[in-house]
Every structure is written in C-alpha cells, then in structure tokens.
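Novice: In case you want the letters, here they are:
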Amino acid sequence: MDAAAPSLLAAIATGLVVLVFARALLHKLSDLTGFRATLAEYRLLPQGSDGAAAMALIAAEGLTLATLLLPVARPLGHLAAAGLLVIYGTAMAVNLLRGRTRIDCGCGGSGQALSWTLVGRNAVLTAATLAATAFPVDLDLAQATVAVAAIASFWIMLVLFEQLVGNHTHARLSGQV
Amino acid sequence: MTALIIAVSVLWCLVVGLGIAVFALARQVGILFERVSPMGALITDSGPKVGDASPRFELTTMAGNSLSIGGGASRSTLVFFLSPSCPVCKKLLPALRTMRRDESDWLDIVLASDGDPAQHAEFIARNDLTAFPYVLSTELGMGYRVSRLPFGVLLDTQGRVRAKGLVNNREQLESLFTAKELGVDSIQTFLGNMAASQG
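Sequence order for the protein chains is S and F.
Using the numbering used here, read the first sequence as starting at 250 and increasing by one per residue.
Using the numbering used here, read the second sequence as starting at 4 and increasing by one per residue.
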C-alpha cells in the first residue's frame, strides 16, 4: 500500500498542473486581444512585440500540456511547466517591485491584480510539478479513482483560493484610490 | 471495510460539494466588490486625481456644437475615451447607448477621441453614435493623461473628477456611477467609513 503513495501523489500533482495549464491556455485563446493587452502592460517586452510573445507563450503552454499528458514525455512536461511558472512568477515579482500593482495578472480564471500571494502560488505549483518528476505514475483502478477525486478537490481549492486572493486584492486597492 | 469505503466516499463528495459552494459564495462577494468600488484594471496615477477639480476645456463636437468640459454643469458628465481601432471600446458601445438613455436624468455622456475626422465620421455612422456629443481633441486626452483605451472620466456637477480609470467591461463602467447612487461624496469616503466603523 505504501509503495503506491509516491505514485499517487505524483499523479495528483500532474493532474493539478495539467488543469492549471489547460485553464491558462483556454483563457489566452478565448481572449487573445485581452491577453496581448495584458502582456503589453507588464512592460517587460520590447514595444510592439506583444503579438509574437503572445503566440510564443500559447505555443509553449500547448506544448507543455501535450507533453504532460503523454506518459513517456511527462517528466519533460513537468520541467517545461516549472519553467513557465517561474517565468510568470518572476514577471509578476518584477512588476510588484516596480510598484505596478494595478495591472491584471493574466493568470486565467477571473481577472485580478498582481499580488505577492500569486507569486507564492506559482512557487508552490513549481515545487509540486518538480517533485512529481521524481516518481513514475502507475496506478490501478482504485488508486486512479482516488487520484481523480483528489485532483478535483485540489482544483476546487485552488480556484477558491485565487478568488479569495482576488477579492482581498480588490478590497485593498479600492481603499487606496 | 465496506462501511469505511462508503464513509470516505460520502465525505469526499461532501468536501467537493462544499468547496464548490464556498467558491460560488466567494465569486458573489467578488462581483459585489466590482460593483461597489470603481477599480479599472489600470488606473493611471497621473492626471487630475479623484476629488480634484478637472481642467476646463472648450471644444467643438463633430456635429459642430460647442461643448464645455470641466466647468460644472447641470448634470454629471462621463467623458469616455475610445478609438475606432480599439476592440474593447467597441464591446462597450451597446452599454454606453443603454446608459445614455437610462441615466439621462443625471448624466451626460461625451465620447472623446483623436485623429482623422473622416475615419471617425464613418465610425459614428456605422455604430449609431450620432446621439452622443463626439469630440476629437488631443488636449482633452492629454489633460486627463489618457494613455490607454477605453478610458472613462466621471465629472460631477461642480466639475470635480469623481472617478476615472481604464474600463474593461460593463461592470466597471457601472461601478463608476455607484458613488452617485450611494449618495456619498466618494466611494473612498464610503469605504473609509465602513472600515472605521469596523474598528
């Protein structure tokens, strides 16, 4: 029973990261104009390159998603996911340090302004996705059912957490206008 | 053993259900926040601040009428900066048209932009905006330090800036008006009073 634990945890982490990136990709694809505008507001890229950068990020996320879902390529997918999460977290941190706290994070889900909590969320997800590279995923039906239930639970908790962070950020920023 | 499995399954279903319910509640709170306090996704820190008197502008509309902005008027004024090439602006046009009708007892809406008059004339015709005063003025945009579109500036009857910011969706547009509806001199005062009374 205990031998299955790392595999189960790895499966849960993989499932969670897959959902995170699937949501992010859908969010970008469903509002490309908005995403380009969000990218431009980060002010980290040369002027006028937000179109190309947007396409590049969409391609990167799509590739990450595909490799995560293929059992043979999964560890590579985790590394790619970790890389993207670190890039996004750094971009947010740079702007937070610049004092540009009122720009949209562009994370997916309902929009919210930047906050250090989001950077922390990225750090935790990065740790989870890197840890998952260490273990193979090999589950029987019962374990797979548990994994699916756990992924769904963690996903709801993540979405709920982000909504609460967004509410808090909004309340905080509104008091300062 | 079976009882244990059933127990765990039931508990898990409840946990997931509760998680969804709490998320729905948090979402509702978030929507309330959006309605109560104006927070455009990007608020420029430059230009006249909320509470300051607006600079005065004497302009001529596309229809040839003279228009005065910032000097005080019988109704509040929403100056809405847009551009024919701005897709989010176009998304908000239906909301603006509705608002012009529904809020006309206390609000005038002015559309502001800059550039080639012929292009704007075509834009006005194609989008049924002839009822709006439409001004082309570089100095108006610079006076409010408008750098991104769509941008809204709400002036009260004394010509003071009551709210301003980037407007990304209809809710943010409506939230610019909430100060007037609540009858407080500013949302900031209202939120400040709320915070003070909670200690």
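Treat the hints as calculated values from the structure; they're not laboratory data.
The beta-carbon is built from N, C-alpha and C at its ideal position, and this holds for glycine as well.
Be aware that a few hints might be false.
[Said to hold, decoys possible] Under 8 Å between C-beta atoms, here's a sample of chain S residues computed to sit facing chain F: (1) S256; (2) T282; (3) T366; (4) A396; (5) A398; (6) I400; (7) A401; (8) S402; (9) I405; (10) M406; (11) V408; (12) Q412; (13) L413; (14) A420.
[Stated by the list, open to error] Examples of chain S residues toward chain F, derived with CB under 10 Å: (15) Q296; (16) R347; (17) G360; (18) L390; (19) Q392; (20) A393; (21) A399; (22) L409.
Novice: Does each hint fit the structure? Answer for all of them.
Specialist: To see whether the hints hold, each was checked on the structure:
Interface restraint check for S256 of chain S: the shortest CB-CB distance to chain F comes to about 19 Å, outside 8 Å, so the restraint is violated. A distance limit of 8 Å between C-beta atoms decides the matter here; for T282 of chain S the minimum to chain F is near 5 Å, and the interface restraint holds. Restraint check, T366 of chain S versus chain F: the minimum CB separation of about 14 Å is more than 8 Å; hint violated. Taken as an interface hint, A396 of chain S does not check out: its beta carbon lies about 12 Å from the nearest beta carbon of chain F, beyond 8 Å.
For A398 of chain S, the shortest C-beta to C-beta distance to chain F is roughly 5 Å, which falls under 8 Å, so the interface hint holds. Taking 8 Å as the C-beta cut-off, the interface hint given for I400 of chain S is violated, the closest approach to chain F being about 11 Å. Because the smallest distance between the Cβ of A401 of chain S and any Cβ of chain F comes to about 6 Å, under 8 Å, the interface hint for this residue holds. The criterion of a C-beta within 8 Å of any C-beta in chain F is met by S402 of chain S, whose closest approach is roughly 6 Å, and the hint holds.
Of the supplied interface hints, the one on I405 of chain S holds, with its beta-carbon coming within about 4 Å of a beta-carbon of chain F, less than 8 Å. The interface hint given for M406 of chain S holds, since its Cβ lies 6 Å from the closest Cβ of chain F, which is under the 8 Å cut-off. A distance limit of 8 Å between C-beta atoms decides the matter here; for V408 of chain S the minimum to chain F is near 6 Å, and the interface restraint holds. Hint on Q412 of chain S holds. Least Cβ distance to chain F is approximately 4 Å, under the 8 Å limit.
For the restraint placing L413 of chain S at the interface with chain F, the shortest Cβ-Cβ distance is roughly 5 Å, inside the 8 Å limit, so the hint holds. Against a cut-off of 8 Å between C-beta atoms, the interface hint on A420 of chain S holds, since the closest Cβ of chain F lies about 6 Å away. For Q296 of chain S, the interface hint is violated, since its Cβ never comes within 10 Å of a Cβ in chain F; the closest pair sits about 13 Å apart. The beta carbon of R347 of chain S is not positioned within 10 Å of any beta carbon in chain F (closest approach about 12 Å), and the interface hint is therefore violated.
Hint on G360 of chain S holds. Least Cβ distance to chain F is approximately 7 Å, under the 10 Å limit. Checking L390 of chain S against chain F by beta carbon gives a least distance of about 13 Å; that is not within 10 Å, so the hint is violated. Here the hint on Q392 of chain S is broken, as its CB sits about 13 Å from the closest CB of chain F, past 10 Å. Given hint, A393 of chain S at the interface with chain F, is violated; its Cβ is 15 Å from that chain's nearest Cβ, farther than 10 Å.
Taken as an interface hint, A399 of chain S checks out: its beta carbon lies about 9 Å from the nearest beta carbon of chain F, inside 10 Å. A hinted interface residue such as L409 of chain S counts as satisfied when its beta carbon comes closer than 10 Å to some beta carbon of chain F; here the least separation is about 4 Å, so the hint holds.
In summary, the numbered hints that this structure violates are 1, 3, 4, 6, 15, 16, 18, 19, 20.
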